[in-house]
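*Asks:* If you want the building blocks of each chain, they are given just below.
Number of protein chains: 2
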Amino acid sequence: MMRTRPLKVALLGCGVVGSEVARIMTTHADDLAARIGAPVELVGVAVRRPDKVREGIDPDLVTTDATALVKRGDLDVVVEVIGGIEPARALITTAFEHGASVVSANKALIAQDGAALHAAADEHGRDLYYEAAVAGAIPLIRPLRESLAGDKVNRVLGIVNGTTNFILDKMDSTGAGYQEALDEATALGYAEADPTADVEGFDAAAKAAILAGIAFHTRVRLDDVHREGMTEVTAADFASAKEMGCTIKLLAICERAADGASVTARVHPAMIPLGHPLAGVRGAYNAVFVESDAAGQLMFYGPGAGGAPTASAVLGDIVAVCRNRLSGARGPGESAYAALPVSPMGEVVTRYHISLDVADKPGVLAQVATVFAEHGVSIDTVRQQGKDGEASLVVITHRASDAALGGTVEALRKLDTVRGVASIMRVEGE
Amino acid sequence: MMRTRPLKVALLGCGVVGSEVARIMTTHADDLAARIGAPVELVGVAVRRPDKVREGIDPDLVTTDATALVKRGDLDVVVEVIGGIEPARALITTAFEHGASVVSANKALIAQDGAALHAAADEHGRDLYYEAAVAGAIPLIRPLRESLAGDKVNRVLGIVNGTTNFILDKMDSTGAGYQEALDEATALGYAEADPTADVEGFDAAAKAAILAGIAFHTRVRLDDVHREGMTEVTAADFASAKEMGCTIKLLAICERAADGASVTARVHPAMIPLGHPLAGVRGAYNAVFVESDAAGQLMFYGPGAGGAPTASAVLGDIVAVCRNRLSGARGPGESAYAALPVSPMGEVVTRYHISLDVADKPGVLAQVATVFAEHGVSIDTVRQQGKDGEASLVVITHRASDAALGGTVEALRKLDTVRGVASIMRVEGE
Numbered sequence: 001m002m003r004t005r006p007l008k009v010a011l012l013g014c015g016v017v018g019s020e021v022a023r024i025m026t027t028h029a030d031d032l033a034a035r036i037g038a039p040v041e042l043v044g045v046a047v048r049r050p051d052k053v054r055e056g057i058d059p060d061l062v063t064t065d066a067t068a069l070v071k072r073g074d075l076d077v078v079v080e081v082i083g084g085i086e087p088a089r090a091l092i093t094t095a096f097e098h099g100a101s102v103v104s105a106n107k108a109l110i111a112q113d114g115a116a117l118h119a120a121a122d123e124h125g126r127d128l129y130y131e132a133a134v135a136g137a138i139p140l141i142r143p144l145r146e147s148l149a150g151d152k153v154n155r156v157l158g159i160v161n162g163t164t165n166f167i168l169d170k171m172d173s174t175g176a177g178y179q180e181a182l183d184e185a186t187a188l189g190y191a192e193a194d195p196t197a198d199v200e201g202f203d204a205a206a207k208a209a210i211l212a213g214i215a216f217h218t219r220v221r222l223d224d225v226h227r228e229g230m231t232e233v234t235a236a237d238f239a240s241a242k243e244m245g246c247t248i249k250l251l252a253i254c255e256r257a258a259d260g261a262s263v264t265a266r267v268h269p270a271m272i273p274l275g276h277p278l279a280g281v282r283g284a285y286n287a288v289f290v291e292s293d294a295a296g297q298l299m300f301y302g303p304g305a306g307g308a309p310t311a312s313a314v315l316g317d318i319v320a321v322c323r324n325r326l327s328g329a330r331g332p333g334e335s336a337y338a339a340l341p342v343s344p345m346g347e348v349v350t351r352y353h354i355s356l357d358v359a360d361k362p363g364v365l366a367q368v369a370t371v372f373a374e375h376g377v378s379i380d381t382v383r384q385q386g387k388d389g390e391a392s393l394v395v396i397t398h399r400a401s402d403a404a405l406g407g408t409v410e411a412l413r414k415l416d417t418v419r420g421v422a423s424i425m426r427v428e429g430e
Numbered sequence: 001m002m003r004t005r006p007l008k009v010a011l012l013g014c015g016v017v018g019s020e021v022a023r024i025m026t027t028h029a030d031d032l033a034a035r036i037g038a039p040v041e042l043v044g045v046a047v048r049r050p051d052k053v054r055e056g057i058d059p060d061l062v063t064t065d066a067t068a069l070v071k072r073g074d075l076d077v078v079v080e081v082i083g084g085i086e087p088a089r090a091l092i093t094t095a096f097e098h099g100a101s102v103v104s105a106n107k108a109l110i111a112q113d114g115a116a117l118h119a120a121a122d123e124h125g126r127d128l129y130y131e132a133a134v135a136g137a138i139p140l141i142r143p144l145r146e147s148l149a150g151d152k153v154n155r156v157l158g159i160v161n162g163t164t165n166f167i168l169d170k171m172d173s174t175g176a177g178y179q180e181a182l183d184e185a186t187a188l189g190y191a192e193a194d195p196t197a198d199v200e201g202f203d204a205a206a207k208a209a210i211l212a213g214i215a216f217h218t219r220v221r222l223d224d225v226h227r228e229g230m231t232e233v234t235a236a237d238f239a240s241a242k243e244m245g246c247t248i249k250l251l252a253i254c255e256r257a258a259d260g261a262s263v264t265a266r267v268h269p270a271m272i273p274l275g276h277p278l279a280g281v282r283g284a285y286n287a288v289f290v291e292s293d294a295a296g297q298l299m300f301y302g303p304g305a306g307g308a309p310t311a312s313a314v315l316g317d318i319v320a321v322c323r324n325r326l327s328g329a330r331g332p333g334e335s336a337y338a339a340l341p342v343s344p345m346g347e348v349v350t351r352y353h354i355s356l357d358v359a360d361k362p363g364v365l366a367q368v369a370t371v372f373a374e375h376g377v378s379i380d381t382v383r384q385q386g387k388d389g390e391a392s393l394v395v396i397t398h399r400a401s402d403a404a405l406g407g408t409v410e411a412l413r414k415l416d417t418v419r420g421v422a423s424i425m426r427v428e429g430e
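Protein sequence lines, in the order shown, are assigned to chains W and C. For the first sequence, full-length UniProt numbering assigns the number 1 to the initial residue and increments by one for each residue that follows. For the second sequence, full-length UniProt numbering assigns the number 1 to the initial residue and increments by one for each residue that follows.
Please note that a few of the clues may not be correct.
Since the list gives no way to pick out one identical chain from another, each pair is judged satisfied if it fits inside one copy or across any two copies.
[What the hints assert, rightly or not] Taking lysine-lysine and the BS3-like style, the derived pairs with C-alpha atoms no more than 30 Å apart in a straight line are:
1) 52 to 71
2) 152 to 8
3) 152 to 414
4) 8 to 52
5) 8 to 387
6) 242 to 387
7) 152 to 242
8) 8 to 71
9) 387 to 414
10) 414 to 361
11) 52 to 361
12) 152 to 52
13) 52 to 414
14) 387 to 361
Calculated from the structure, these hints are not laboratory results. Since this is a predicted model, take the numbers as computed values, not measurements.
Whole structure, please, built from the sequences with the hints as guidance.
*Replies:* Put into structure tokens, the structure is as follows:
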């Protein structure tokens, strides 16, 4: 069964992930050959800084001319682990034009241009795989695309950013505030010097767009994803969550509407009951909870980032793409036949936890309750606490649309007796 | 892309799983066609009792002659959900001989005859898929075989039997004894009238054999799996586990030896720390924890049985096999190139929790400790409790081989001062 001509792989980028991919291709060469049915050979590594010493990488393979590398014409697989939009996009497109299949770990690019890249792969009869783009080592794209291909997925609820989960877990377990927990994450290397992409939810939003598209067999653009960061989550929010038997997670939530005719995708911090499997996901781990008609509730858990875990996912894709090359077949490509509209955030329906600072005098609760009722938002429970003329009201609602809740909050702010809206947080996973 | 000739599927068995498969094939026909690239048509259903009313199944499709059905010669896929060894094995073999690919949910058959069935599939150039055979709806075979194809799996630790997990979870949460918890499981339909296959670990052992083979790219026969049931787990064991910050689960454990040159597979009850992700798997849910070189720790969680969840896995396989048929390709078959020996249980290394009933007099601990030392089993902690001339010793060991522990226990039983060995339980997941 084993053929002798090796399959040729080029690596674009040789940072934390790329160097691990190269290392495993060398150290596990025999296993990879046995699993693929032919040896794989690393024939080029495109880097920005050619002078940097890269242990275990033959210096003769290193080049700064990534474009020339992908144009060789004899490549079977191009592995893109550069990240960002350009030059990654141009290089991937050129790779397809010159007959290579592509394995990418680039969530931003796939979220933004996945449809066009899939079209380019189709045009040239090649594969585009990107298991590593969502939740690192956790098999997620393949289970959603293949294992659940005979099922109907209704909801994907995930912790898909390790940095923010580390910060929130720290706040939960120590009572620390956001800044203190962020500082610790930075010191330990879990957060980058500029943590914006993580803490503002951009990274999670890209993953949500990819997951929603695959789960619902439709196209979900990055712009379709409602995004709220977690920089305003406070120690007081965690205290409130604890009182409700909840913790707080930054969640990526992709849902099919009850009538099945539209979908939504969003990223925001939310309270989640401690009994929910996602509540127990600690530190920088990721986990994605999937609800479908027939399978019911599934969860996939593991390290969502890091060189070796991401390399594991990349190598799984390399093996798959190589097998396809040998058999002359192609893996499942984009499946967007359902072409469902993406509804705006206002139509999302969930529950809310709202903390209000109010005047400590009779009739306030009645006023507040009236505002909720006028906007069609049904109250589940209210807790009132008063001290020295100051008081707080904590309202937990039944399920209501985001638009109705927004209208309610706007009206509450106009009440003389409401001094401020201390926090609004969605409650998920019930 | 859509071709009009439908792919033809025959169903062998129409019980809880088969009827769900048929139902979903009808209700989701359009989605399945879009995802496969061609419509799929159910052309025959082999049953034992043809007169039973089967809602949603065209009576004209029903036959009692399964052999004639698989010999039609125009089938693309045969779905085997009969269970047991025969006639399932003969029907699958005949299906391959007549040009069909096979999707099976039959753990016992795959565990016993997987190698021969894969060989038959190879001989006829057809696919054999069986995602549903292990842990129901949870994608596990595909992630191990494909997503982790570029990684080196070292350990698989799983709760793969829902009945026993329900019973143990009930004992843990209520303090009930085994019989009481089993009675409740039976009353609620989680346990069969004869629960032997579940509670004695036969079902889990078949799954362990399949998982070990796929994870380590080697053949592991059912006979290679060391198996202990959970009927002797007591409320006292749970009390001991709680004192250690543990719970008790029936685990399927597949391990690669530290030197990589051999593997082991076993099923037995074990203590597991409450902080381990498997400890939180409640009720009849299943979960499988996978440790690999690059990916690190992954967990896959979901419903391990039931008609609809199992049907979800079967349908995912039907879609994959149909796609392969259309493209003329085959999915990854058996991968057993590593050909690693399976070591006997005596070579398994783990920790142990041992409860001894001993005479309440001076020197007993010294005697007991000497026996452990003589057998090379290092003690981690000992707790001694005495009352009215009776005493108990609880010993927790460091890691030791099963053979060394066995020798230790045998010698302990011979001590005059040891009145009995109340329980021995392995401690895993640390």
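*Asks:* Each of the hints needs a verdict: does it hold here or not?
*Replies:* The hints, checked one at a time:
1. 52 to 71: For residue 52 and residue 71, only the intra-copy Cα distance (24 Å) is at most 30 Å; the inter-copy one is 64 Å.
2. 152 to 8: between (38 Å within a copy, 22 Å between copies)
3. 152 to 414: neither (44 Å within a copy, 61 Å between copies)
4. 8 to 52: within (24 Å within a copy, 58 Å between copies)
5. 8 to 387: neither (72 Å within a copy, 73 Å between copies)
6. 242 to 387: So residue 242 and residue 387 pass the 30 Å test inside one copy only (22 Å; across, 42 Å).
7. 152 to 242: For residue 152 and residue 242, neither the intra-copy (34 Å) nor the inter-copy (40 Å) Cα distance is at most 30 Å.
8. 8 to 71: within (13 Å within a copy, 43 Å between copies)
9. 387 to 414: within (23 Å within a copy, 71 Å between copies)
10. 414 to 361: Cα proximity of residue 414 and residue 361: one copy only (17 Å, versus 78 Å across).
11. 52 to 361: Neither way: residue 52 and residue 361 sit 69 Å apart in one copy and 70 Å across, limit 30 Å.
12. 152 to 52: between (49 Å within a copy, 29 Å between copies)
13. 52 to 414: neither (61 Å within a copy, 66 Å between copies)
14. 387 to 361: within (11 Å within a copy, 62 Å between copies)
Checked against the numbered hints listed earlier, the structure breaks hints 3, 5, 7, 11 and 13; every other hint is satisfied.
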